[in-house]
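Novice: Listed below are the residues making up each chain.
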Amino acid sequence: MTRTAVAGVLVALLLPTGCQRESRRFEAPAGAVVPPPPVRMSELQPTVATPHQTIAPRYEVNARALAEGKRLYSWYNCNGCHANGGGDKGPALMDDVWVYGSEPANIYATIVEGRPNGMPSFGGHIPDEQVWQLAAYVRSMSGLVPKDAAPSRDDAIQAKPSENRTPPAQPVMAAPASSSERSQ
Amino acid sequence: MTAAAATPIAVQRVAVDAARLPNHAFGHQSVMWWGTVGIMAIEGTAFALTVFMYFYVWTRVDAWPPDALPPELRWGTLNVAILLASVLPNYYTKRAAERYDLRGVRIGMVVCLLFGAAFIAVRALEFTTLNVSWDTNAYGSAVYLLLGLHTTHLVTDVADTAVLGTLMFTGPLDRSRFVDVSENALYWNFVVAAWLPIYAVLYLMPRWL
Amino acid sequence: MSADGSAGTLAAHPGRDRPAYSARERYGGWVDEPGLLGALATIDHKRVGVRFITTAFGFFVLGGLLAGLMRLQLSRPDSTLIGPDLYNQLFTVHGTTMMFVFAVPIMQAMGVYFVPLMVGARDIAFPRMIAYAYWVYLFGGAMLFVALALNIGPDAGWFSYTPLAGPQYGVGKRSDFWAQLITFTEVSGLLVAVSVITTIFKLRAPGMTLNRMPLFVWALLITSFMIVFALPSVMMASTALILDRLVGTHFYNQAEGGDALLWQHLFWFFGHPEVYFIFLPGLGFVSTIVGTFSRRPVFGYVAVVLSMIATGFLSFGLWVHHMFATNVPELGKSFFTAASMVIAIPTATQIFCWIATLWTGRIVLKTPLLFVLGFFFILVLGGLTGIMLAAVPLDLQIHDTFFVVAHLHYVLIGGGVFPLFGAFYYWFPKVTGRMLNETLGRWNFWLFFIGFNVAFFPMHILGLQGMPRRVYTYAAESGWGTLNLISSLGAVLIVVSVLLFVINVVRSRRRGTAAGPDPWGASTLEWATSSPPPPGNFHPQLAVNGREPLWEPDGVSGRVDGLTNDPPEVLVTTLLDASPHHRRAVPAPTIWPLLAAIATTVMFVSSIFTPWAVVWGSIPIAIALIAWFWPTREEAAKHRKRELPA
Amino acid sequence: MTGFAGRRGGHRRRTTRRIALTPVVFPMAAIAAPLQDALQPAGPQAGHIHALWLLMLGVCALVFVAVVAALLVALRHAPRGDVATAADTQALTRDESTVRRSVGAAIAVSVALLLLLFGATVVTDRALAQLPLTDAVHIRLTGHQWWWEATYDDPEPANVFATANELHVPVGRPVVLSLEASDVIHSFWVPNLHGKKDLIPGRTATIAFRADAPGVYRGQCAEFCGYQHAKMALLVIAESPQQYDQWLARSRASALPPPDATAQRGQQVFLRSTCAMCHAVGGTPANGKHAPDLTHVASRQTLAAGALRNEPAALAAWIIDPQQIKPGANMPAHALAPADLLALVAYLGTLQ
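Top to bottom, those sequences are chains A, B, C and D.
First residue of the first sequence? That's 1 in the numbering used here, and the numbers climb one at a time after it.
First residue of the second sequence? That's 185 in the numbering used here, and the numbers climb one at a time after it.
First residue of the third sequence? That's 394 in the numbering used here, and the numbers climb one at a time after it.
First residue of the fourth sequence? That's 1040 in the numbering used here, and the numbers climb one at a time after it.
Any given hint could turn out to be false.
Capping the alpha-carbon separation at 27 Å, the derived lysine-lysine pairs in DSSO-like fashion look like this [to be verified]: (1) D:1328 - A:147; (2) A:147 - A:160; (3) A:160 - A:89; (4) A:160 - D:1328.
Because the hints were derived from the structure by calculation, they are not lab data.
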């Protein structure tokens, strides 16, 4: 009797967060079923139509998507230029400054199309699903995703407080900074 | 008669007449004492294990303390002094309680409370002079866990003293409440006794190891 | 007598259509208010105990159903019925439930109900604490299954090894829920342990010296001491884990001076004794049942007691045998091998003593004894495979395989659950006043016994054939299909058998034959009061003069006068020889333990999401505890009335 | 590995649905299922343990039978009573010396047997520690979620090479594995050759064994390591020294350039799609370090850490959607056009 009551209350409390945060989506994204165009044989990168915003939130609130994004961030060597978010050859990602927009779709476009001053285009090299995961993770670096879904610290040398402890930094738009300014 | 019926085997012979016995007792004869000692055993084990974790980390790194200065001595040492001093009013309170000396208990508990408050204040300063943060490395984590654990006991016992002290002023009272006072004093001795080894680990080990 | 029996029933089950005043008159302050509020406020160790036992059994059924799902998935190779994500949650929650939420709590719950009765006390020590412990336990267990229902079920195994359960690889909040569940069960288990120890040391009936205590009471005493010293270990471990995950400490981060093995040491330093928290009370049940059903005192009382104490000590010296596959120094290994083998001796001693008891006794072959005989068969087998696992080289082959799954179920179900079912059949009449049905009982036993062996024996072979634990599927060409199918079929039998038991309980509670105070002609004090016992247990309390009070001619030396029911008073006796020392008034029923438990639950669950919950969450707890502690004027007045003139 | 027939069929159906692969008939392989059984030792280490097992089994069976027999005799011997039977309270005072003696004897026997078993354990431990390690093969084995990376050490840096999920070892020569983990704890276990050894992040463990009989021995991760703990297998292929040396030579060489147009396109697909982000192929720009080295993938018996047999349809199915086969694995699904997929599979097929 009491147990069911308590269970009820807890369900009510957790239902909104629980499922979305915890779901693990292993199955292939819808794209895989429809045969896509052949792999490009040139480095020229056509502008991709920015997919509509609604996909993004699905990744923002999902712990596994964010964790995957974090893994890929190093696997795909994003830290080669952006370091652990502090920035190096590439701009910092953990601050509030956004050159090409802070919306997931902007980040998606940046990764897929590439940007001047050295950001290569990963279109075709990184599957859509993973680009979205990366975009979500990049936002978590400046605290723009729910704390309860954001990644905790890695089992590695401590570089900076983990994403789930990063205070949100209100995005501000800024002009591209020259690499010299950046490296300070 | 009706009562006797609840125990099917009818017993005529009276083995014990409890009416002649007191309705409370001090020290290890009292049930409260065993409760307090039980809790002390549990928390003592917890302290011991945390110290074990501290030294386990020590075996894993070459320099000690790893990339950090040892905690600064002043506040921690001051706290040793305060705690040792607090043993006296604490002892006085215990004795007063066992004499049912309400006035003595009131004075004693107020003094103990002041000591507790002072200790908590200094403890707050202690946290600022550890020279390490819980997320610096495993050493920092162990230091914070150890100090945090002891602080928790400190705060709970001071709160406990405050409540009991208030009761001593407002009532309602009966003599068995003096047993609670004496057990509360016992628990404070445990908090003191626990602090000395923890102080040695936190403040002296980083300098000796 | 029957009137008192029914009065007891009335107090134990409120809302029956009987006038409450009759009970009030007889038992004064021992009686709860009628109705829901009275039920929520009760601190009667019998009502709380029954709740405790029922709840734990409910979790046993839930955990068993999860196991059923796992057997369903494994019954054929390459099964895609259940994916890895769900399967990992299933076996984690199954293990966590059975170890933390069923086995240990139900053993303690049996203690909460029966220890005061068996030592002839009118109440348990710290009854309000017991009520609080129950509520915390209930909410904690409920939280685990709510989490599972919300797909937040822990999925890193009941042992929750880091780094898999750590901040980087334990994605989401699943392991945090696991860590907090541990904290819940900690709090509950430790409080019950302290209360049981105090009851046994200070509330025994006059004349019940230590060497006259029933063997079950000894078992609970030793278990409670082990709990006091072992549980803090997993408490610190899980606290460090949730700190790593939530605020970025580095206890288990090898890159910052931490170590994954630190977790394993802390966990198994608790985890191995835990097996004996489950096993020792089981031995207590066996001693009780063997004695009663062979119509003689258990042979070798002292040997049995010393064996249990030895087991208690040794169980702290063999945790590393769970870690032989990690690099532990060779010398250490042979020490832990020796310890793990030596611990077989005390158990063997007890088994020989029981066989001797049966041999020289007059056997009454009722269901409780049947379950004990089943215990012999299964536990001995499990113990022997335990010796195999203690040998480092052999352990390297069978560790973490289905061989271990078989072994641990033989030990825990054989050593814990079979005696427990025996105890259910044995004490059901005491708790309800009615007998369980004997025919159903025999079906219950044989189905369980056969089903168990069919389900778990093949796992030994599977393990040797190379099937690791915790796999959600296996390939057809591994050749493990047939044995797995057989095992799954055995599981079906177990389910049926447990179902029969539930039916038996439900039918017998209402329509079972009336038991009377002592249906088995047993010797211990709980049978000296009516079934079910009235509020306050004994009116009057009895003084004893022997180890088997109800068997020996002058086993009961007389009665205790001068204890009032209003305020309800218990007699406090001395530690060793239980001579009367003073009276103690027990507190009145109150709703505050429940409210404190709710506040505690809010804090624990919130702290999964924000560390600050520990700060603001403790304020309502403090308020509840103060209200709980603060005496009322009438209470104080009553106490003053009972004081001796200074 | 005939058991894979049904599963292969499954893949064929899926792939035909996905991409217009004309069903191909594969010859049933004549390889026997690899051994994974602690009871069939194929080397000294597993042999010693097996001997200990037989002793333990014997002694324990004996004890079990004795105890159960004693119990049954007791049940037959003792008279029946009922709950009304007066309890035999004299037993509290009576001197039951016969019973005490027999119980004492039983305990003494148990102690003796335990000492025997303990002795046997120590002896076996010694024997395991004394495996001669002269001219041992040294391999670094790293556990990843959920595959095995093997690096064959060699004094000559150019000769060091990496492979995955498949160890080749020479029969009769000792093998020393140094074990590490890159993420969570795994455990190396090839029952026919030796017991387990854990791979723990931040620590290095070693295990030494020897295969005395040629054959394919299957091992499986034995410490729960996450979603695909069940499908993290590796094969140890024990072969004659000559075969082993040939294999070494083949493995040290980098991949040959693609022989035909299809394979060339396949290589382009490999380099320009996601593959090259994680996988390495010796002799090409692809040098990803996060996934199995594919330089000689075609020469391996299995794919995806033993989850699949290594043949084109299975490979195609794996590339298109690994999550169907190993849900939770780190390899993403790849939306490839049919032609690209065929080319890619063909190219990987040339990496002998």
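Novice: A separate judgement is required for each hint: does it hold in the structure or not?
Specialist: Status of each hint after checking the structure:
Between residue 1328 of chain D and residue 147 of chain A the CA atoms are separated by roughly 31 Å; this puts the pair beyond 27 Å, and the hint is violated. Of the supplied pair hints, the one linking residue 147 of chain A and residue 160 of chain A holds, its CA atoms being roughly 16 Å apart against a limit of 27 Å. With a C-alpha separation of about 18 Å, the suggested pair residue 160 of chain A and residue 89 of chain A falls inside the 27 Å cut-off, and the hint holds. Restraint check for residue 160 of chain A and residue 1328 of chain D: the C-alpha separation of about 25 Å stays at or below 27 Å, so the hint holds.
Violation of the numbered hints given earlier is confined to hint 1; every other hint is satisfied by the structure.
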